[in-house]
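Student: Using the hints provided, position chain B relative to the given structure of chain A.
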Amino acid sequence: MANIPEGALRSDDGHYWWDGENWQPVDENAAAGDGDERVAARLANGYPASGDDLTEEQKRALLGEPTIVVEPLAHDEVEVVAMEDSGHGDGEAMA
Amino acid sequence: MSAETIINVAKFAWDIIKDGKPAAEIDNSTANAVPQVEDWLSLTDTRGPNVYRNNYYVSYVWPFDDYVHAEFDILLKWQFGSRYKNGGAFIPNLWIEVPNCFVGYGWDAHIGITVQHPTNIGQPGAPVAALPVTIKGTVSSPLETYHVEWGYVVTGTGGISGG
Chain A
65 MANIPEGALR SDDGHYWWDG ENWQPVDENA AAGDGDERVA ARLANGYPAS
115 GDDLTEEQKR ALLGEPTIVV EPLAHDEVEV VAMEDSGHGD GEAMA
Chain B
689 MSAETIINVA KFAWDIIKDG KPAAEIDNST ANAVPQVEDW LSLTDTRGPN
739 VYRNNYYVSY VWPFDDYVHA EFDILLKWQF GSRYKNGGAF IPNLWIEVPN
789 CFVGYGWDAH IGITVQHPTN IGQPGAPVAA LPVTIKGTVS SPLETYHVEW
839 GYVVTGTGGI SGG
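Chains as they are written, first to last, in our numbering: chain A, 65 to 159; chain B, 689 to 851.
For reference, chain A alone in the conformation it holds in the complex (with noise of 0.2 Å):
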C-alpha cells in the first residue's frame, strides 16, 4: 500500500502529497505497485479507468512535459602525436 491518506491532496507530478502543512515524497515502491490507487483517482477526477479510453482533449490536458536526458555510454580519448614527414617534430606528444 503507498503512504498516503485516502483524499489527500496529491501533486501534479504524482511524486507527493501534501500533510496539511508540507509537501510529503509518495513511497514510488509502493505506489508502482498499487495500481487499484490509479484507477481510483482516474475515477474519482471524472477519467476513464484506462488511459486507452482517455479522449484526445483528455490527452492533451494530462501530457507531460518532455524529459531530454544525454548520457555517455562509451567514453574514451587519446593523445595526439605528430604525423611522421611533417617537419613539425615526429612523434611529439601535444595533447
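A hint or two may mislead.
[Claimed, not checked] Part of the chain B face toward chain A, derived, beta carbon under 8 Å:
#1 Tyr744
#2 Val749
#3 Gly769
#4 Val816
#5 Gly846
#6 Gly851
[Said to hold, decoys possible] Footprint (simulated), chain A over chain B, 3 or more residues, beta carbon under 8 Å:
#7 751 to 759
#8 770 to 782
#9 804 to 815
#10 830 to 843
Because the hints were derived from the structure by calculation, they are not lab data.
Even glycine gets a Cβ: it sits at the ideal position worked out from N, Cα and C.
Tutor: Chain B in isolation, oriented as in the chain A frame:
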C-alpha cells in the same frame, strides 16, 4: 591535397526518425572527418566507438503517469583517434542508431542529423579533426509541436562538447 586539411567524404545530412519510425537510411549513412589525401582509407589505430545516448521521454501526468506518450533513444557513435602516417587524430566514421522508438497514436516525429564541414583544431604536423553535429526535429500532433535539438562538436581525440 594536404593531410592537414580535414574533409568529410561521406554524408552531411540524413533522416533519423521519419513518420514516427527509425528511418531506413540510418543503416547506411555515415559522416567522417579525414585528411584530404587519396589514401585516407589507410588510416590506422582507430579507437572506439564513443557512444552518447540522447533520450527523449514524455508521459502523461498523474494518475496516468504509467502511460508513455513518446520515447526514443538516439545513439550518437563515432570512431576516433585514427592516425595518418602515424600521427594526428581523425574520425573515420560517425553514425546514428535508434534502438528504441515509440510515438503515441495521433502524433508524429521527424528527427534528422546535419553535419557541418570538419575543421582542424590541432597543431602543425598533428592535425585533430573537429566535426560539428546537430540532431534536431519535431515531435508533433495536428495541434501541438515540440522542437527537439541536440548540438555537439565531436573530436578526433574522442572528445565531445555541447548537448
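Student: What hints, given by number in increasing order, does this structure fail?
Tutor: Violated hints: none at all, because every hint is consistent with the structure.
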